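From first to last, the protein sequence lines stand for chains D and P. When the count follows UniProt numbering, it moves up by one through the first sequence with no breaks and lands on 445 for the last residue. When the count follows UniProt numbering, it moves up by one through the second sequence with no breaks and lands on 451 for the last residue.
Since the hints were derived computationally from the structure, they do not count as laboratory data. One should not assume that every hint holds.
Said to hold, decoys possible - Pulled a few chain P residues facing chain D out of the computed Cβ check, cut under 8 Å:
(1) 107
(2) 111
(3) 114
(4) 254
(5) 258
(6) 268
(7) 270
(8) 294
(9) 295
(10) 331
(11) 332
(12) 356
(13) 440
Computed from a prediction, not measured in an experiment: that's the story for all the values here. Where is the CB? At the ideal position from N, CA and C, for every residue including glycine.
Below, each chain spelled out in residue letters.
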Amino acid sequence: MSVVTVQLGQCGNQVGQELFDVISSDAQDGQRKTYSSVSRERFFRQTSQGDFEARAVLVDMEPKVINHSMNRAAKSGRWRYAEASHFSQKQGSGNNWANGFRVLGPRHRDAVEELVRREVEHCDVLAGFIPMMSVAGGTGSGVGTFVTQCLRDVYPSSFVLNHLTWPYGTGEVIVQNYNSVLTLAHLYQLSDALLVHENDAVHRICSQQLNLKQISFGDLNRVIAHQLAGVLQPALTPDSCGAYSGNPLGELVSALACHPEYKLLSACSIPQMASASIAFSTFSWPALLKHLRQMLIANTKMEEGIDWQVRPPPASAGRTSSLTAGGFNASLANLLILRGKDVYSAETGGFEDPAIYTSWLPPAEALSLWKSPVPFDKYEKSATLVSNSQALLRPLDDMVRKAWNMFASRAYIHQYVKFGISEEDFLDSFTSLEQVISSYAQLQC
Amino acid sequence: MTQSVVVQVGQCGNQVGCRFWDLALREHAHVNKRGLYDEALSSFFRNAVLIDMEEGVVNGILQGPLREVFDSTQLLTDVSGSGNNWAVGHLTYGSAYREAIVNKLRKAAEHCDCLQCFFLIHSMGGGTGSGLGTRVLSLLEEEFPDVCRIVTAMYPSAEDDVITSPYNSVLAMRELTEHADCVLPVENQSLVDIVNKISVMSHGAKPGSVLRKDSTVTSGQGSLSPTEKPFDAMNNIVANLLLNITSSARFEGSLNMDLNEIAMNLVPFPRLHYLVPSLTPLYTLADVNIPTRRLDQMFSDAFSKDHQLIRADPKRSLYLACALMVRGNVQVSDLRRNIERLRPSLPFVSWNQEGWKTGLCSVPPVGHSHSLLALANNTCVKPTFMELRDRFTKLYRKKAHLHHYLDVDGMEQSIFSESLSSLSELIDEYHQLDATKARLIPDAPRLSIAR
Numbered sequence: 001m002s003v004v005t006v007q008l009g010q011c012g013n014q015v016g017q018e019l020f021d022v023i024s025s026d027a028q029d030g031q032r033k034t035y036s037s038v039s040r041e042r043f044f045r046q047t048s049q050g051d052f053e054a055r056a057v058l059v060d061m062e063p064k065v066i067n068h069s070m071n072r073a074a075k076s077g078r079w080r081y082a083e084a085s086h087f088s089q090k091q092g093s094g095n096n097w098a099n100g101f102r103v104l105g106p107r108h109r110d111a112v113e114e115l116v117r118r119e120v121e122h123c124d125v126l127a128g129f130i131p132m133m134s135v136a137g138g139t140g141s142g143v144g145t146f147v148t149q150c151l152r153d154v155y156p157s158s159f160v161l162n163h164l165t166w167p168y169g170t171g172e173v174i175v176q177n178y179n180s181v182l183t184l185a186h187l188y189q190l191s192d193a194l195l196v197h198e199n200d201a202v203h204r205i206c207s208q209q210l211n212l213k214q215i216s217f218g219d220l221n222r223v224i225a226h227q228l229a230g231v232l233q234p235a236l237t238p239d240s241c242g243a244y245s246g247n248p249l250g251e252l253v254s255a256l257a258c259h260p261e262y263k264l265l266s267a268c269s270i271p272q273m274a275s276a277s278i279a280f281s282t283f284s285w286p287a288l289l290k291h292l293r294q295m296l297i298a299n300t301k302m303e304e305g306i307d308w309q310v311r312p313p314p315a316s317a318g319r320t321s322s323l324t325a326g327g328f329n330a331s332l333a334n335l336l337i338l339r340g341k342d343v344y345s346a347e348t349g350g351f352e353d354p355a356i357y358t359s360w361l362p363p364a365e366a367l368s369l370w371k372s373p374v375p376f377d378k379y380e381k382s383a384t385l386v387s388n389s390q391a392l393l394r395p396l397d398d399m400v401r402k403a404w405n406m407f408a409s410r411a412y413i414h415q416y417v418k419f420g421i422s423e424e425d426f427l428d429s430f431t432s433l434e435q436v437i438s439s440y441a442q443l444q445c
Numbered sequence: 001m002t003q004s005v006v007v008q009v010g011q012c013g014n015q016v017g018c019r020f021w022d023l024a025l026r027e028h029a030h031v032n033k034r035g036l037y038d039e040a041l042s043s044f045f046r047n048a049v050l051i052d053m054e055e056g057v058v059n060g061i062l063q064g065p066l067r068e069v070f071d072s073t074q075l076l077t078d079v080s081g082s083g084n085n086w087a088v089g090h091l092t093y094g095s096a097y098r099e100a101i102v103n104k105l106r107k108a109a110e111h112c113d114c115l116q117c118f119f120l121i122h123s124m125g126g127g128t129g130s131g132l133g134t135r136v137l138s139l140l141e142e143e144f145p146d147v148c149r150i151v152t153a154m155y156p157s158a159e160d161d162v163i164t165s166p167y168n169s170v171l172a173m174r175e176l177t178e179h180a181d182c183v184l185p186v187e188n189q190s191l192v193d194i195v196n197k198i199s200v201m202s203h204g205a206k207p208g209s210v211l212r213k214d215s216t217v218t219s220g221q222g223s224l225s226p227t228e229k230p231f232d233a234m235n236n237i238v239a240n241l242l243l244n245i246t247s248s249a250r251f252e253g254s255l256n257m258d259l260n261e262i263a264m265n266l267v268p269f270p271r272l273h274y275l276v277p278s279l280t281p282l283y284t285l286a287d288v289n290i291p292t293r294r295l296d297q298m299f300s301d302a303f304s305k306d307h308q309l310i311r312a313d314p315k316r317s318l319y320l321a322c323a324l325m326v327r328g329n330v331q332v333s334d335l336r337r338n339i340e341r342l343r344p345s346l347p348f349v350s351w352n353q354e355g356w357k358t359g360l361c362s363v364p365p366v367g368h369s370h371s372l373l374a375l376a377n378n379t380c381v382k383p384t385f386m387e388l389r390d391r392f393t394k395l396y397r398k399k400a401h402l403h404h405y406l407d408v409d410g411m412e413q414s415i416f417s418e419s420l421s422s423l424s425e426l427i428d429e430y431h432q433l434d435a436t437k438a439r440l441i442p443d444a445p446r447l448s449i450a451r
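Extracted from the complex, chain P is given alone in its bound form (with noise of 0.2 Å):
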């Protein structure tokens, strides 16, 4: 049993990871009612490293019904924040930080019998998610070069009250690049979208249909904390996601799907290793006998742009690369009969026409009897790159707030300058491949041998 490391950085890292460690224990609890694999709980939910520079969060996290899970040796907090300023949270808090990080994360690792990878989440538009956060990931790579990191990255929308959110997410995006094996960025406007669209669901329901309650996405109930924070709803998405990337690890199936296999056939090329995830179902009919039409609708969803935790359309641009990680009573056929269904109104790249990667777990998320995380390697994330760097430059130009993070300790212009390039590059690439959309690429020319 593998076990992985979650660390949780900033007011919406830590938010985000203890919707997700609630969630866990609440699906490791119906499973192992039936009396399924205990092995899974007893390991996986050791490991979390909690940092923040305020304390509200994770004191918030210390009085709740969580505080059996963390001790205090997990968490690294200060007092002043860091003004949603990059800069402070990478280089002051980074260096006056360094040495009391690396050992809680040695401690986290040293609890576990096989480490496989580490989950880092933090939200990219504040300063100690974005600048500590990315600080932490370098910190991982030196520290732990052979273990996999994957970011869950929240992204800011454009109408994002933190005015230096630009800075803060094109600073901590050439980090991303660099350090982290797998990213999977994620959009608050799209998560505020997916929720409405429950809630909508939920009250304007067709008569006869009940929307299960008890389902780990729409709800807290059941949970431990008794109480919705506003941010709740949106939290529980992004957890469920984790949730589901972990389940081949963490249960059975007759097609294991491993977090380094997610990396391996993910990431085509190094730097391009932002992953567009989709959940399916979000809600779901208390209409427990689903016949395989509901199925096919599941993966008909988890490719709409409705679904994606992106603001992004990937039916429009092109894949990379997908994964397919299904959960439930669901059958190699069925998976089969819906890739060759939708493969034709589905781009991809001219070497990777069959590009799938599928796992099948047998144990369904709590609510559902089955459901469908899809990550795709896709170049829609060039529009959403492109706009981040549009308000990065609108801000830039003028030099506004600038001083800000010059005045801190370490800090250069050409950090500036040089993340811009970074994320330029980027998106040049997806660019390149962009292009070769549309053209017909003919067949390599093969080896001839000499008879």
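Looking at chain D on its own, in the form it has when it is part of the complex (with noise of 0.2 Å):
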């Protein structure tokens, strides 16, 4: 089953190219054919010459970002973007989400859906799509979300997962939490559920954890890129009985995001590390799955500096439903994808235990398993954990916060306004958050 990746803007383009390069670098290591095989149908196609293309459409309102990251495949060797897959203006969205949703999504409509609609032809059996960009922008954010729109409206039986980018909190563009505000309370009206990545936990990885000294984007992306692989690569599933499962947008789906209130999910992996201190590291499932846990529920996303001292309440303590609440992060449910060698004997009683999911499912359907006993991305042996929890609660109330003063003063409205947005759009927004926020507070109950 294949999946078609759908790059937004300048952010999208650069994480699904580099999301490309790791799956096909990761197929081309593995030494066990069906994996490769499986993961290059998921992700890519043949041509007749035997050239991998990758199964995507870039999308841009200006074209520097999408020719550099076509031609960044295109010298890896391994494989490509096909030549007609892309869509770009000249100029871009000004950073307005309202420019882009109103006036350039429509407008560039037809031709987007035309290279989606190729795309999906191409595929034996579509397992789904996966849009990808940021939040911050006016293209990701604005045309990204007209265009899952779209998908929603063509292909209403297929699973959407959005990958979505959110900036530094400290800002990389001023109007950033409009634009936030804006994209998720729509998408979450859109999308089967929204897999996050946020720069200021990703850059406290490659500084504390892959102590990187000078930190670029691509090094931001590339760990990203990394995390979301190990999701996405082929793996056996309780419902794929004994084969790679074919349908791993919507088993993912299920397991964790069945509640129309709950869709913000957050990944983390382990292990992760310079590349050069891979091959002197061993691994085992007790320590690597201990960490995992921990990492869980101390809300934390390396294991550099993990907190210790972060415990589930225990049962007696009452209901709460503070953000902070001792700094433990409640699950509603979790993912969890053992890969490489020994997965059959790994020990995963810890992600069962009651005491870290909220109450209302019983833990045997909060915790998913997925194994492959494939390493994966040269770590001997790795696991990613895909969890719907409190760990985005934080990030998105202070979002929504900085919006909401910004919003009292007016500032930037009229930018919005001249673009066919209105005050009773933005009010829309803030309260479908308010609504999301609230939900996921009251997990610890």
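Please assemble the complex out of the two chains, which come individually in their own frames, going by the hints.
Printed below as a string of structure tokens:
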């Protein structure tokens, strides 16, 4: 089953290129033929000359990034983007969500839908869509939301999993909080699930875990790509009856996002190290899983500096619905993906502990386990955890708080009104997100 | 690839404009040598309109090395000048040449595949730049309402030798407030100070350090014009400003910053669109391996009052928004580190505490390994505008020279009083924001959701 990725805006196109790169090199290294062929079928199609072309549609309102990504892909020698899979204009969206959503998206709807349609036709069986975008700018966020809406309209029974990159809290774009609020509120209605990476968290991984001195966007993107690939590469699931799952997006969504109010997913993986160190390290499943579990409940994305003091509150501790509550991160559902040597003997009981989950789902349903005996991206053993938990609650709340403060003074609103987004639209979006925040805050009850 | 049309009006506007084209061509020739991106070269620079009501400057251009770049269809000249009279520029010439100007603008726009922005360059103190320049601004708004209008306006210093410069400036200000999307104010005195500083550095530099002579800021050396005119150094700085602002549109980078993004992010309220520019570094030493400390110094300098292009100290006033456009081999971690480091000392308005717009362009300017352009929407423009208002009122109270203006067909006294009100209102708006500076503003109460 094949996945069609739609790369939107600068971030979407930069991260997307790194993602395909990791996947392609992982598929190449893998000594297992079935794994490689499933991976390739999922993400690439083969031309008559035997070249691998990504099942991707690249969309941007200006051409420089797409050109750059296509060139980089071609340089890898292992894969490339198809010549006619991209759509760009001459001029960007100006960091204006309203411009992206109300003007540019509709204007170029036909062209983009056509590209998607062609890509879908190349799939024997369509597993679903992964739109990739940032929420801070204008194209990824505005045009990306519009394109997601189109995917929903044209392919109502397909799965749509949006990959979102959230900007640094201290600002890359001044109106980023407005753009983010508008995007998230709309996507919540359109998407099956939203898998989020935050630049701040990924940056910490690069500096404290990987010890990079100078960190570039390329470094951030490679970490994101590694984690995403860890989720999307073939795995054996409970439903797949001994073969690699043919419905990865569907199974992910049903494992994690079955309630319409809870769609925010985050990922973390272990181990994460500079590639030079990998050869010198040995890993044991008990150690890896113990750390990963603590990373989940202490809401940290890396092994470095884990706070072992954080514990689930005792069952007797009454109901709380605060954002902090001792730093403990309650989960609604988790998907644990184990890859590499000895996966069948890995003991995952720690993730079935009812104390780490909210009380409504029995832990047996709250935890899903996928496995693959094939080592992933050079790691002899590795685990990726996708969680539907409170991990994004604080960043989301911060985003809404800052946007609301700005809205209270009506700063920049004239820029949005100019393109057809009214104060009413803003209020609706704020209301939706306050609802989401409230829902997630309640998870500890 | 987007294009911009540069419209240079008046003596000052044309002199600065020419420095810009000269440096831009040099920049692209330099980059081209390394085989990067020749698309940028072909389309970006075709589009200029040169307007002056005297012939001297424009003729000089046509005889100089830049004659290859411009053709006569892009020029509009007259002979008698505007007599340092805004009304003559705006009303007399404005009406007489309206059609011709619109035609030339249309032609330049037609050359563009995708027109993103008009750059208007003119001084505020004279007659043509300030009067006719602002008339062109209104015409741009009428004819091309959807295209961004960025004005680089040269403000006169207090010691300006044109007596009526306060009148011209205030009359022009009103036009800028009402019709421009962004204004980059530049004060002559600041440019003089900066040039002096560079010259001190190059003569009194520390032993062992060598000032790079080929840097675009300090010299026209290696540029097309063999003779350096007196204002060249100052004009170079302004030209560099334009070069840096457009760099992301011309070259690639990991975080692009387009011109329409500048207006979007830096203008929270339509009238408050005066963005104080600062450029670093202004000179470089020849040691190529710049350790991180020097890079950090560049960021610190961008906020120091010595590097601002108007005489103001933004650190002492209130930031509404700030954009940082970095060029060269600088990564996002360097950017983040410096923002975190400098942030505590910079007062930001309560609703925009983390209001940064950042851009990273991989191609540095010629002669530097990296550079930084900061554009600040900051209330520090208020004192500049208040001084301007004071100088205006000194003359206006005594009705000095008023008849020169009122004698012009179409000019009325009400235009003076309206322009003065417009300026006062603008000052007031900045003042209101300033008043919030010391106050601790609590978070706005959030929407509460019934459960």
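Here is what the structure says about each hint:
Interface restraint check: residue 107 of chain P against chain D, minimum CB-CB distance 19 Å, threshold 8 Å, status violated. With 8 Å as the threshold, the beta carbon of residue 111 of chain P stays out of range of chain D, its nearest partner Cβ sitting at about 14 Å, so the hint is violated. Hint on residue 114 of chain P holds. Least Cβ distance to chain D is approximately 3 Å, under the 8 Å limit. With a least beta-carbon distance of about 4 Å to chain D, the hint placing residue 254 of chain P at the interface is held under the 8 Å criterion.
A cut of 8 Å between beta carbons decides the hint on residue 258 of chain P: the least distance to chain D is about 5 Å, and the hint holds. This hint holds: residue 268 of chain P has a C-beta 4 Å from the nearest C-beta of chain D, less than the 8 Å allowed. A least Cβ separation of about 6 Å between residue 270 of chain P and chain D falls short of the 8 Å threshold, and the interface hint therefore holds. A hinted interface residue such as residue 294 of chain P counts as satisfied when its beta carbon comes closer than 8 Å to some beta carbon of chain D; here the least separation is about 14 Å, so the hint is violated.
Taking 8 Å as the C-beta contact cut-off toward chain D, the hint placing residue 295 of chain P at the interface is violated, the least distance being around 10 Å. The interface hint given for residue 331 of chain P holds, since its Cβ lies 4 Å from the closest Cβ of chain D, which is under the 8 Å cut-off. At its closest, the beta carbon of residue 332 of chain P sits 5 Å from a beta carbon of chain D; the interface hint therefore holds under the 8 Å criterion. Contact between residue 356 of chain P and chain D, as hinted, is supported at the beta carbon level, the nearest pair being about 4 Å apart and thus within 8 Å.
Interface restraint check: residue 440 of chain P against chain D, minimum CB-CB distance 13 Å, threshold 8 Å, status violated.
Violated hints, in rising order: 1, 2, 8, 9, 13; the structure is consistent with all others.
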